[in-house]
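J.: Assemble chain D onto chain B, guided by the hints.
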Amino acid sequence: MTNFVVSARGLRKAYKNKVALDGTTFEIPAGRIVGLIGPNGAGKTTALKAILGLIPFDGDLKVLGKDPRTQRDALMNDVCFIADVAVLPRWITVAQAIEFVAGVHPRFDAAKCHRFLEGTQLKPGLKVREMSKGMIVQLHLALVMAIDAKLLVLDEPTLGLDILYRKQFYQRLLEDYFDEDKTIVVTTHQVEEIEHILTDVMFIRDGKVVLDAAMDSLGERYAEVLVNADRLDAARALKPIDERSLPFGKTVMLFDGADPARLAALGETRTPGLADLFVATMKGTYA
Amino acid sequence: MAAVEWSDGAPIYRQLKERVIAMMLDGVLKPGDALPSVRQVAAEYQLNPITVSRAYQELADDQLVEKRRGLGMYVTDGAAARLLQSERERFLREEWPLVLERIQRLGLSIQELLDPQQKWGPK
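Chains B and D are the protein sequences, given in the same order.
Using the working numbering, read the first sequence as starting at 2 and increasing by one per residue.
Using the working numbering, read the second sequence as starting at 5 and increasing by one per residue.
A hint or two may mislead.
[Stated by the list, open to error] Straight-line distance between alpha carbons at most 27 Å, and here's what the computed DSS-like set of lysine-lysine pairs gives: (1) K183/B / K168/B; (2) K168/B / K21/D; (3) K19/B / K209/B; (4) K183/B / K21/D; (5) K17/B / K134/B; (6) K71/D / K21/D; (7) K34/D / K183/B; (8) K168/B / K134/B; (9) K34/D / K21/D.
If you're looking for bench data, these hints aren't it; they were derived computationally from the structure.
This is chain B alone, in the form it adopts within the complex:
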């Protein structure tokens, strides 16, 4: 059990009118980049808050071998967090922010942080108030990457950023931070942008994990087939989990665990993108 960074069994959390976690069960090994993906209100943020020990909940949860409910202080030495809501005070300057984190976090390397900020517009005297949203995230990322943590939790880290800042964000993370001893858990709605970065993916719906798979196993399990009009009945007999028609009489069907040889006889096949898989899995969520 100790080789899992996060190990959750039967997590349960209900807010006043809504069940946010409903027997949520999953495990995250070290050295992975895991995407936690789900529609709004599916329980993503609640799951992350449980991992970080920010809320009470029921069920078994071990993060780096510790219970976040009772050992949060010890856990925080090895866990870092970037939320979609900026928490940096507006009056603080770059230099003050670095000084502050250096004062509160034993694993923070100020020199490293300065190095990450070289070549950016974030000069020491600049106040958060004077920064664009992208610059604030840039500062936040530099602060967090300079902490030698084992688990990094990112909740919608690139929300509201333009495409240049988004690309740069993940580029920095891969180049300057991630290695096989670190683990990253990230939630985002920009599925296409991160799908090749992920090593594993988890779909969460109504507080339950509905898909938990290594990215390179998706191609073995799922297939998308471009079916000709005359093969429709044969294709439907193999029970596609999703189907949508295209112009010129072709239909795209998505199969889960069907025999590749039989699918190939129906038409051109390919591995579906994460976004298509997500849409098919979450059908009827808001109905």
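T.: Just chain D now, with coordinates in the frame of chain B:
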């Protein structure tokens, strides 16, 4: 490196491997040249490092690159010859039969194929 589009057909690590092989065939990567680090490629192409490592591992298995301890991956001396050999075999096995079929269908003679200008004039 420019932005890349990955196709949905083959696994990404294989597409990355093919890309490196294409660079070797084009002479962009020569024997003794260093490959960029896994980290650099991962960041630049926005891929997870495991995907990149897997592509590099296959290139090493094919003896096209070799690992030098603490330094990284280097193109082997025999890479060019090995690739030329395997590309020749692949051409003869996969592409040539189709070309040959087309030549026969069009009724072209060897003479015409070897010296197209003689019959059709300079372009």
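J.: Next step is simple, just say for each hint if it's right about the structure.
T.: Outcome of the hint check:
{"no.": "1", "hint": "K183/B / K168/B", "result": "holds (20 Å)"}
{"no.": "2", "hint": "K168/B / K21/D", "result": "holds (23 Å)"}
{"no.": "3", "hint": "K19/B / K209/B", "result": "holds (13 Å)"}
{"no.": "4", "hint": "K183/B / K21/D", "result": "holds (26 Å)"}
{"no.": "5", "hint": "K17/B / K134/B", "result": "violated (33 Å)"}
{"no.": "6", "hint": "K71/D / K21/D", "result": "holds (16 Å)"}
{"no.": "7", "hint": "K34/D / K183/B", "result": "violated (34 Å)"}
{"no.": "8", "hint": "K168/B / K134/B", "result": "holds (15 Å)"}
{"no.": "9", "hint": "K34/D / K21/D", "result": "holds (16 Å)"}
When the structure is compared with the earlier hints, violations turn up for hints 5, 7 and for no others.
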